[in-house]
Amino acid sequence: MLKLKVQKRVADKKINLDGFLNTILFIAVFIGIWQLAYLSGIWPKVSLPPPIMVIESFYDLIQDNTLLISIGMTLYRLLIGFAASVVIGVGVGLAMVRFTGFGKTMSSFAIGLQSFPSVAWIPFAILFIGLNDAGILFVVIMSSVFSVMMSAYSGIRNIPTIYLKAAKNMGAKGFSLFRYLMIPAATPALIIGIKQAWSFAWHALVGAEILMAASIGIGHILLVGREFLLMDQIIASMITIFALGMIFDKVIFAKLEDKVREKWGLRQEQDIENR
Amino acid sequence: MLIVSNLDVPLQTNEKSILELENIFKEYSDRKNKTHTKLIVINNLNLTIKKSEFVTIVGPSGCGKSTILNLVAGLDQVFDGQINVDDKPISISPSTDRVVVFQEGALFPWLTVYGNIEFGLAIAKVPKDKRKEKVMKLIEMVQLSNFTNAYIHQLSGGMKQRVAIARALALNPKILLMDEPFAALDVQTRKMLYSHILRIHEETKKTILFVTHNIHEAVALGDRVIIMSPKLANIKKQIIVNIPRPRSIDHPLVESITRAILSESDESFVNGGVAEIEPDNVDINNNVIPTVR
Numbered sequence: 001m002l003k004l005k006v007q008k009r010v011a012d013k014k015i016n017l018d019g020f021l022n023t024i025l026f027i028a029v030f031i032g033i034w035q036l037a038y039l040s041g042i043w044p045k046v047s048l049p050p051p052i053m054v055i056e057s058f059y060d061l062i063q064d065n066t067l068l069i070s071i072g073m074t075l076y077r078l079l080i081g082f083a084a085s086v087v088i089g090v091g092v093g094l095a096m097v098r099f100t101g102f103g104k105t106m107s108s109f110a111i112g113l114q115s116f117p118s119v120a121w122i123p124f125a126i127l128f129i130g131l132n133d134a135g136i137l138f139v140v141i142m143s144s145v146f147s148v149m150m151s152a153y154s155g156i157r158n159i160p161t162i163y164l165k166a167a168k169n170m171g172a173k174g175f176s177l178f179r180y181l182m183i184p185a186a187t188p189a190l191i192i193g194i195k196q197a198w199s200f201a202w203h204a205l206v207g208a209e210i211l212m213a214a215s216i217g218i219g220h221i222l223l224v225g226r227e228f229l230l231m232d233q234i235i236a237s238m239i240t241i242f243a244l245g246m247i248f249d250k251v252i253f254a255k256l257e258d259k260v261r262e263k264w265g266l267r268q269e270q271d272i273e274n275r
Numbered sequence: 276m277l278i279v280s281n282l283d284v285p286l287q288t289n290e291k292s293i294l295e296l297e298n299i300f301k302e303y304s305d306r307k308n309k310t311h312t313k314l315i316v317i318n319n320l321n322l323t324i325k326k327s328e329f330v331t332i333v334g335p336s337g338c339g340k341s342t343i344l345n346l347v348a349g350l351d352q353v354f355d356g357q358i359n360v361d362d363k364p365i366s367i368s369p370s371t372d373r374v375v376v377f378q379e380g381a382l383f384p385w386l387t388v389y390g391n392i393e394f395g396l397a398i399a400k401v402p403k404d405k406r407k408e409k410v411m412k413l414i415e416m417v418q419l420s421n422f423t424n425a426y427i428h429q430l431s432g433g434m435k436q437r438v439a440i441a442r443a444l445a446l447n448p449k450i451l452l453m454d455e456p457f458a459a460l461d462v463q464t465r466k467m468l469y470s471h472i473l474r475i476h477e478e479t480k481k482t483i484l485f486v487t488h489n490i491h492e493a494v495a496l497g498d499r500v501i502i503m504s505p506k507l508a509n510i511k512k513q514i515i516v517n518i519p520r521p522r523s524i525d526h527p528l529v530e531s532i533t534r535a536i537l538s539e540s541d542e543s544f545v546n547g548g549v550a551e552i553e554p555d556n557v558d559i560n561n562n563v564i565p566t567v568r
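Chains as they are written, first to last, in our numbering: chain A, 1 to 275; chain B, 276 to 568.
One or more of the hints may lead you astray.
[Claimed, not checked] Below, simulated BS3-like cross-link-like pairs (lysine-lysine); rule was C-alpha separation at most 30 Å, straight line:
#, chain 1, residue 1, chain 2, residue 2
1, B, K449, A, K263
2, B, K409, A, K259
3, A, K165, B, K409
4, B, K400, A, K250
5, B, K449, A, K165
6, B, K400, B, K363
7, B, K466, A, K173
8, B, K325, A, K168
9, A, K168, B, K291
10, B, K449, A, K173
11, A, K195, B, K409
12, B, K325, A, K104
13, B, K449, B, K403
14, B, K407, A, K263
Calculated from the structure, these hints are not laboratory results.
Just chain A, with the same shape it has in the complex:
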């Protein structure tokens, strides 16, 4: 068992190294094509700057702290909006489980609203709340809360009856049943919903920052870039958005999901290993 594990670790590392080299190669080829496209002269410099200009733009944005402050502000908004979504989503999801009639009606609405385009909330938010941070947060919450709500609802409803029976038999009721049984038992479903909610929140936030003229934030740098025809700055902020999304999706959430799956014995290699 232990030996198998060690062997697996080594294999994992090798795969990771191969993957890393592949990524480097991919990026190098991409930058090469970009440089060639620039040299071909089809696009003017203002429409397609060379890679080096984008790197310079990055340098400038970092130098005057704009990038750091923007990332900080954007993440701050994201975190608040996302946290509110999780709290509201889980809360309403629980209420949906508790009150069956409400749950049935709400779930059909929530499914519809889950796929509602986030930018479509923006005009409503501007008039309803205003061109401010609260308006941006509103858009972020409306775009992500329904994913959390639905995953909490179905996650808790799908808890095997035997777990509930066992927990009640061991004295769990009310809040302790919720805290010690429902939340942990629904965690795999919740993590999937939360991961989806995070990416919905992220999409909505950048859109809202651009369209709702936030004074600080990554969306704001993009907007300024468009207004002053700074394509290098636009590309630099796009790369930042890409990198941030990547870090959260692939590093944080993937790790979290993996951990839960491993703990629950849902990982496939693990299952095969045990047989």
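Chain B: place on chain A using the hints.
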């Protein structure tokens, strides 16, 4: 030598009774059919269990044996009659007095062996250091010290049931209820678990109510075997198993009593040739009995 005795009157002993079932009546109504049928599963059943007694209930599917356990556990609260634990009706005694070991799959996969056994204690808000002491003792009792921090999916079927037993014992229940806990296990593992449960009963002196459809198992473990009949919806016969404790599961009397029960039983119990099956595999459900539930 009298090894099998039929009991028409309740046991006469000095020991205090801990569980009393009086005039239990339970029916299920089947609303799926157009004709609203009602099915009587338990009809006027009376049963008294003494402190530290190991009682096994055996019978074919649909004889109401699991229903009795569910009623005693408080998992099903709709019935007529009276159930007393320690002279108090179950409606006012906490459910943690009667903890169930389920057939399988009732352990929590998000917790380790330690976490599962700790579960009821955490809910009862027992202080952490006391919890630890208790859990470690129980892990030692079920001989899983090397698996303290393992997750449930990493354990074999037999180990899982040992964790389930430890988890139930953690709450120090007055009665340990076991609902066909070994039914899903292979013969080899089951034998090992018989020794475990007999040893644990010896060590803790817990009152155990054990439901099974395996006669051999019922005889090997119980002080008293209660045979249920689906026709009567009641107890058909009670048998005292006079095998001394500490008991060996290979005791020759186990097999002879099992055979005696099988040969005595009417057609609803044994149907063509079942008695010829290896005692280990004696399974009442092998018979074609119209399932009632």
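Hints, verified against the model:
no., hint, verdict
1, K449/B - K263/A, "33 Å, violated"
2, K409/B - K259/A, "29 Å, holds"
3, K165/A - K409/B, "23 Å, holds"
4, K400/B - K250/A, "38 Å, violated"
5, K449/B - K165/A, "19 Å, holds"
6, K400/B - K363/B, "24 Å, holds"
7, K466/B - K173/A, "36 Å, violated"
8, K325/B - K168/A, "26 Å, holds"
9, K168/A - K291/B, "28 Å, holds"
10, K449/B - K173/A, "20 Å, holds"
11, K195/A - K409/B, "39 Å, violated"
12, K325/B - K104/A, "49 Å, violated"
13, K449/B - K403/B, "23 Å, holds"
14, K407/B - K263/A, "22 Å, holds"
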